[in-house]
Amino acid sequence: MEKFTTHTGIAAPLKRSNVDTDQIIPAVFLKRVTKTGFEDALFHAWRQDPDFVLNQPAFHGASVLVAGSDFGTGSSREHAVWALRDFGFQVVLSPRFADIFRGNSGKQGLLAATISEEDLERIWAEIDANPGARITVDLQARTATIGGIQADIGIDDYTRWRLLEGLDDIGLTLRNEDKIAQFEARRESWRPRTLPVQ
Amino acid sequence: MTTDAIETPVRLRTLAEKVWDDHLVVKGENGEPDLIYIDLHLVHEVTSPQAFDGLRAEGRPLRRLDLTIATEDHNTPTWDIDKPIADLTSRTQIQTLRNNAAEFGVRLHSLGDAEQGIVHVVGPQLGLTMPGITVVCGDSHTSTHGAFGAMAFGIGTSEVEHVMATQTLPLKPFKTMAINVDGTLRSGVTAKDIILAVIAKIGTGGGQGYVLEFRGSAIRALSMEGRMTICNMSIEAGARAGMVAPDETTFAYLEGRQHAPKGQDWEDAVAYWRTLPSDEGAVFDAEVFIDADELEPFVTWGTNPGQGSSLSASVPNPADIADPNERAAAERALEYMALTPGTPLKEVPVDAVFMGSCTNSRIEDLRAFASVIQGKKKADGVRVMVVPGSARVRLEAEAEGLDKVITDFGAEWRFAGCSMCLGMNPDQLAPGERCASTSNRNFEGRQGKGGRTHLVSPLVAAATAIRGTLSSPSDLEV
Ligand code: SF4
Numbered sequence: 001m002e003k004f005t006t007h008t009g010i011a012a013p014l015k016r017s018n019v020d021t022d023q024i025i026p027a028v029f030l031k032r033v034t035k036t037g038f039e040d041a042l043f044h045a046w047r048q049d050p051d052f053v054l055n056q057p058a059f060h061g062a063s064v065l066v067a068g069s070d071f072g073t074g075s076s077r078e079h080a081v082w083a084l085r086d087f088g089f090q091v092v093l094s095p096r097f098a099d100i101f102r103g104n105s106g107k108q109g110l111l112a113a114t115i116s117e118e119d120l121e122r123i124w125a126e127i128d129a130n131p132g133a134r135i136t137v138d139l140q141a142r143t144a145t146i147g148g149i150q151a152d153i154g155i156d157d158y159t160r161w162r163l164l165e166g167l168d169d170i171g172l173t174l175r176n177e178d179k180i181a182q183f184e185a186r187r188e189s190w191r192p193r194t195l196p197v198q
Numbered sequence: 199m200t201t202d203a204i205e206t207p208v209r210l211r212t213l214a215e216k217v218w219d220d221h222l223v224v225k226g227e228n229g230e231p232d233l234i235y236i237d238l239h240l241v242h243e244v245t246s247p248q249a250f251d252g253l254r255a256e257g258r259p260l261r262r263l264d265l266t267i268a269t270e271d272h273n274t275p276t277w278d279i280d281k282p283i284a285d286l287t288s289r290t291q292i293q294t295l296r297n298n299a300a301e302f303g304v305r306l307h308s309l310g311d312a313e314q315g316i317v318h319v320v321g322p323q324l325g326l327t328m329p330g331i332t333v334v335c336g337d338s339h340t341s342t343h344g345a346f347g348a349m350a351f352g353i354g355t356s357e358v359e360h361v362m363a364t365q366t367l368p369l370k371p372f373k374t375m376a377i378n379v380d381g382t383l384r385s386g387v388t389a390k391d392i393i394l395a396v397i398a399k400i401g402t403g404g405g406q407g408y409v410l411e412f413r414g415s416a417i418r419a420l421s422m423e424g425r426m427t428i429c430n431m432s433i434e435a436g437a438r439a440g441m442v443a444p445d446e447t448t449f450a451y452l453e454g455r456q457h458a459p460k461g462q463d464w465e466d467a468v469a470y471w472r473t474l475p476s477d478e479g480a481v482f483d484a485e486v487f488i489d490a491d492e493l494e495p496f497v498t499w500g501t502n503p504g505q506g507s508s509l510s511a512s513v514p515n516p517a518d519i520a521d522p523n524e525r526a527a528a529e530r531a532l533e534y535m536a537l538t539p540g541t542p543l544k545e546v547p548v549d550a551v552f553m554g555s556c557t558n559s560r561i562e563d564l565r566a567f568a569s570v571i572q573g574k575k576k577a578d579g580v581r582v583m584v585v586p587g588s589a590r591v592r593l594e595a596e597a598e599g600l601d602k603v604i605t606d607f608g609a610e611w612r613f614a615g616c617s618m619c620l621g622m623n624p625d626q627l628a629p630g631e632r633c634a635s636t637s638n639r640n641f642e643g644r645q646g647k648g649g650r651t652h653l654v655s656p657l658v659a660a661a662t663a664i665r666g667t668l669s670s671p672s673d674l675e676v
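Going line by line, the protein sequences match chains A and B. Quick note on numbering: my numbering labels position 31 of the first sequence as 31, and the sequence is numbered without any gaps. Going from the second sequence to my numbering is simple: count from 1 and add 198.
Everything labelled a hint here was simulated from the structure, so no lab data went into it. Incorrect hints may appear among the rest.
Here are the computed lysine-lysine pairs in the PhoX-like style, where the Cα-Cα straight-line distance is at most 25 angstroms [claimed, not checked]:
id: 1; chain 1: B; residue 1: 399; chain 2: B; residue 2: 373
id: 2; chain 1: A; residue 1: 31; chain 2: B; residue 2: 399
id: 3; chain 1: B; residue 1: 399; chain 2: A; residue 2: 179
Below, a sample of chain A positions facing chain B; criterion: calculated Cβ distance under 10 angstroms [said to hold, decoys possible]:
id: 4; residue: 3
id: 5; residue: 54
id: 6; residue: 82
id: 7; residue: 104
id: 8; residue: 133
id: 9; residue: 134
id: 10; residue: 176
id: 11; residue: 184
id: 12; residue: 188
id: 13; residue: 194
To give a feel for the contact side, a few chain A residues facing chain B, derived at Cβ under 7 angstroms [unchecked claim]:
id: 14; residue: 29
id: 15; residue: 30
id: 16; residue: 173
id: 17; residue: 175
id: 18; residue: 179
id: 19; residue: 186
Even for Gly, the Cβ is constructed at its ideal location relative to N, Cα and C.
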């Protein structure tokens, strides 16, 4: 996982609240055998509509999604985060996230940070005035800046630290590599082995 | 004894706590999870592809190939296994597992191999599942392996990747629940009936957050196959895992198996395993008592495993259920199941009987089934499928002549796999068809869209196949 310090990119407004994981990625895409390549599945139903925000030329290449409240509700599917990431999003800003979605995001290197309802309206207004405007999200300073607006972003210390360090769950565990190796060195020889001992 | 030991009060521990303590790599501080070492990782085609893909993306190797084993089960056909798999999704999953196993060096038992079969049948049969170890698999019925006194539980795809990369998992300790089953089972009553009764008693959410430890004289009297059936279905009570303390039955089952410890290792292992049973006086977070003498053959009438009753009862009337949520659930279930309140369960006719799944497809299950049908013919119009849990079980059954008993009866004798336990391969019910099934889940559409499932024991499945209506072996005597 890459370290996340600061990111600048096109901000796309998703003016809906309660976007659930079924809307982010419909269940039919869950049968795939890869962990990447889900960009076509993202918001699949909505993208059939030519007027949908991500179909508008101004937002091509958008990497920061600015969404209404309660983003990522519904069933726990990690694919929702994969689809956002594969499409090119690095940040989702919303006044509130479903817990499981936020947890999954932090683990996969997608920054899901909260902003106030007021800032949400101001940022949306700024984007409406300047479609395709770029936003800078600074995780060190905990701010999002677009045009003349600077908004505070909310994220818990632990997730922030992990993103700054670029540690996924596995990376985090591997910081204890020496302890794992010590444990392995004292494991009894009767414990199961699936392969002949070399 | 050192003075230190005298001063430190001895903490009385349960079986689950002992296994946990012995796998602690890092103790979590300030509410963080513990890091637990995993002794055995079982892999199959459904939940592994993205885990392998994740390793590949990060350039990580699989840490312990010698603690990992894979088999094909969920998507495999149980007929014509030498032909290509027709369904594209299934074929892709199987092919992906084969490619990944070859690339990473994982031991894989493919279709056609003597050790291929349902992942939860293969582990114990090879002697890999043993007391006092931790076992994980990307499948909820991993709880099966707890029958040996192992701590075994299902995990999600990202955890599968985590175990592949680190051989550990960050976990918060579970709560413990003792399920005490004392007394003697009547003839015709089996392990399956015990666990269906437990789930009906505590509910499908009753075990949430707990590891269940099954104890008591009725559990001691069970074979390993029976204990596996019980632990397998712990998950249907919402539990994280089920366990049975190891004893002479466990050791006798294991001794001499391909991967069981040998020589001095065996001596050391058994000595350690004898220390595992819960300490006298150890405190469980919850306790449940079941009287084995009272149990009868059990059957589910609804669409979750907790909606069950004695086979001698009638379809319940939702109006008699006090809890409004449960009443509404029962109404919906009876509508889906097309059952009328008050109908004696024994008068309910079936279209199919499925004898198989990781709950009941081991050699002992097949023997029990065969003992009832021996020399008889199946009821007209009822389709009877017998599916061994592994290719090895199939060979054993054939060596004992059970295949002959089964085909003479008019049943289909199939190749190993999950088969009609879930609608992921060609073995499925047609909409509206009713099936007596030895599997573990009776959810809507589980055995095929619109299919209706009654969970039963192998003995009840056999008697039902003979009479064509839900029946127990005692009904055959009249
Ligand atoms: S037999 Fe059924 S429950 Fe068991 S692993 Fe296969 S699909 Fe899952």
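| message | Can you verify the interface hint for residue 3 of chain A: is its Cβ closer than 10 angstroms to any Cβ in chain B? | response | Not OK, violated: residue 3 of chain A not within 10 angstroms of chain B, min 14 angstroms.
| Has the given pair, residue 399 of chain B with residue 179 of chain A, been kept, meaning a C-alpha gap of at most 25 angstroms? | Distance of about 43 angstroms is beyond 25 angstroms: violated.
| message | Please check whether residue 82 of chain A passes as an interface residue: C-beta within 10 angstroms of a C-beta belonging to chain B. | response | holds (9 angstroms)
| Per-residue hint verdict: residue 134 of chain A, partner chain B, C-beta under 10 angstroms | This hint is violated: residue 134 of chain A lies away from chain B, its Cβ roughly 28 angstroms from the closest one there, beyond 10 angstroms.
| message | Interface hint check: residue 175 of chain A, Cβ to nearest Cβ on chain B, cutoff 7 angstroms. Holds or violated? | response | violated (10 angstroms)
| field | Closest C-beta approach of residue 179 of chain A to chain B relative to 7 angstroms, hint status | value | holds (5 angstroms)
| Interface hint outcome for residue 29 of chain A [beta carbon to chain B under 7 angstroms] | At about 12 angstroms, which exceeds the 7 angstroms cut-off, the nearest Cβ of chain B leaves the hint on residue 29 of chain A violated.
| How about residue 186 of chain A: closest beta carbon in chain B under 7 angstroms, or not? | violated (10 angstroms)
| field | Distance restraint between residue 31 of chain A and residue 399 of chain B, which requires alpha-carbon spacing of 25 angstroms or less | value | violated (36 angstroms)
| said: Hint check: residue 399 of chain B vs residue 373 of chain B, CA-CA at most 25 angstroms. Holds or violated? | reply: It holds: about 19 angstroms lies between the C-alpha atoms, which stays within 25 angstroms.
| Does the nearest C-beta of chain B fall within a distance shorter than 10 angstroms of the C-beta of residue 184 of chain A? | holds (8 angstroms)
| request: For the hint on residue 30 of chain A, just tell me whether its beta-carbon gets within less than 7 angstroms of chain B. | output: Result: violated, 10 angstroms to nearest chain B Cβ.
Going down the numbered hints, you'll see the structure goes against 2, 3, 4, 5, 8, 9, 14, 15, 17, 19, while the others check out.
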